[in-house]
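Undergrad: Each chain, written out:
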Amino acid sequence: MRKYLLLSLFVALICTSSCQRDDICPESTQTTPKLVIEFFDIDFPEQSKSVPRLNVIAEGESEFYFETTENRSTISIPLRTTENFTNFSFVRNHDLPEDSNLTSNADEIQFSYTVNLEYVSRSCGYKAEFINFNAVLVNEEESVNWIQGIQVIQPNDILNEQDTHLYIFH
Amino acid sequence: MNKIHIYIFSISFSLFSALGFSQEEEKENPIDTIIAYKDKYGIRAGVDFVKLARSFVDDDYQGFEIMGDYRIYKTYYLAAEIGNENYTYTEPFIEANTQGSYIKVGGNYNFYDNWLGMQNELYAGLRYGFANYSHTLERYRVYTSDNYFQDDVREVYRDYDGLTTSWAEFQLGMKVEVLNNLFLSAHVQLKVAIGDTELDDFESLYIPGFHRTYQDSNIGVGWGYGLSYMIPITKKDRKQEVAN
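Protein sequences appear in the order of chains A and B. According to our numbering, the first sequence is numbered sequentially starting from 1. According to our numbering, the second sequence is numbered sequentially starting from 171.
Hints listed in this document are in silico derivations from the structure and should not be mistaken for laboratory results. All of these numbers come straight from a predicted model, not from anything done at the bench. Keep in mind that the hints are not guaranteed to be accurate.
[To be verified] Estimated spans, in silico, between C-beta atoms of each pair: (1) A:E161 / B:M344: 50 to 60 Å; (2) B:D386 / A:E161: 15 to 25 Å; (3) A:Q30 / B:N256: 26 to 36 Å.
The beta-carbon is built from N, C-alpha and C at its ideal position, and this holds for glycine as well.
Here chain B stands alone, though its shape is the one from the complex:
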């Protein structure tokens, strides 16, 4: 019930903010000049530098992600990410490790109107995600509601191998060209796992690429930061009408 209230609140809040934006009136200016320019098309490839940095800083995490996209039509891009993660996590009563690889394929739609050949993006993306991974349940402490007896810690090192999960992912992000053909990007992810994450006497608490799972829900969230470089392949002539 409480959750429904939060949803209603957030939806009405976002409607209000949208109303606020729509009140900006557009001034009509006569078109004076038409400027021709070249629009670059090419393959863009990069890495998630936060995952890389975390691998150096955090002893419990090793991971990388390579991302790439290819512009197929004005505002449409094919996009994909591949990555690998090895993560050891500590819950109040459980210590476990997850390692594996993932791939995400899909596309982005750029809804940012660029000014004369600039290539910044404000984009929405859809992906199909797939991960192949394994868990090691290292140890757990048997739950008790009081601590009259000493802790019962079981070292199990039980392996769960050959696991797979698929998910649908929605992304929202931005890419900014900071130097010629060099881009910095940031995005947030919302995903829905297909199928459940339950295992025999355990469950998938973490999935590479999908991140943390939530109890009684197949929703996942995440974010990513990228540094990528575009290799231009073709240039297309474009014209833009400019008002003085």
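Here chain A stands alone, though its shape is the one from the complex:
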């Protein structure tokens, strides 16, 4: 009898430990963070202000990042890990209906950083962290910038997505 008890315990142990799945990267794991941006009112800098019909596109890409164009007050966008910079175009009033009397306006911000690669786990592999992050708004000469100010939050390292990394005032 003792041998059967031993055998069933052993089989049970093997089953529970090997059935533990660790080959899918869990969403709760901090992997490569995105750049978190919050939009504020230029006149009331404490007050969140959403951007009408906002979408973004990275330089060198042919498609906009967001599938749908919406009013947004907070966005998370990816940064290139192959380079130490990513230039993004922030488009206000993107993809307007034909009868609209508003005009679309695109402003460019250049992000620069140092990519730091770090091992996470078997299923998540390696993540990137963006150290010494900086942002520069490109001033347009021919038209008006809808973005009136930007502020990089200190410390300027992008390590997770819980913190906001950049404020944009408009």
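Fit chain B to the supplied structure of chain A, relying on the hints for placement.
TA: Same frame as chain A, now just chain B:
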């Protein structure tokens, strides 16, 4: 929490099955005959034929294991395995290679009551395992939660040499004498690594002899199949009481 539930379930399940077995009543028969026979003692040596076969079939795997045991007392055996593995594995974001050798030493206890000089085994074994190995992290793709930008694949070919791991291993298996002195065996392994498997900016995902590691755990599992031959050295006289 969920894992605890699984454990409780499996333990109660095994208790129930054990209860079921214990209900078989043993009939008492008077002893009529005492038969004398010879019990063979010797060195048994063999190979893991599944590891050999896999080396031919699987391009990413080369490995062998030699196993041996020596019977020291009725149901007690000294046992050891030595082996070498060279394995290239692909994870969703990582490709790496591990190669190295291992040795396991310990003993087996046979709890199967043989009938008149037969030498089959149902055994439990304990081993101390030790592996000496190296990894090559060949390439990885930087993890991203979306694929807006093109994949960032880094070819690194970074070596981690001179690594060692020790572990304690519990085995449960059976050996069946299929021809005179020729045995087929199968066993399962449960092991606990001593020390952690973390490395500088990487970790040991595979260890020769220990097999795959699990995240946040030092438990390993495995199995083996053997074909071995026993070279008899001594024979001991035994008697068995037989009921008619």
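Undergrad: The structure should be examined with respect to each hint, and the outcome stated for every one.
TA: Hint by hint, here is what the structure shows:
{"no.": "1", "hint": "A:E161 / B:M344: 50 to 60 Å", "result": "holds (53 Å)"}
{"no.": "2", "hint": "B:D386 / A:E161: 15 to 25 Å", "result": "holds (22 Å)"}
{"no.": "3", "hint": "A:Q30 / B:N256: 26 to 36 Å", "result": "holds (34 Å)"}
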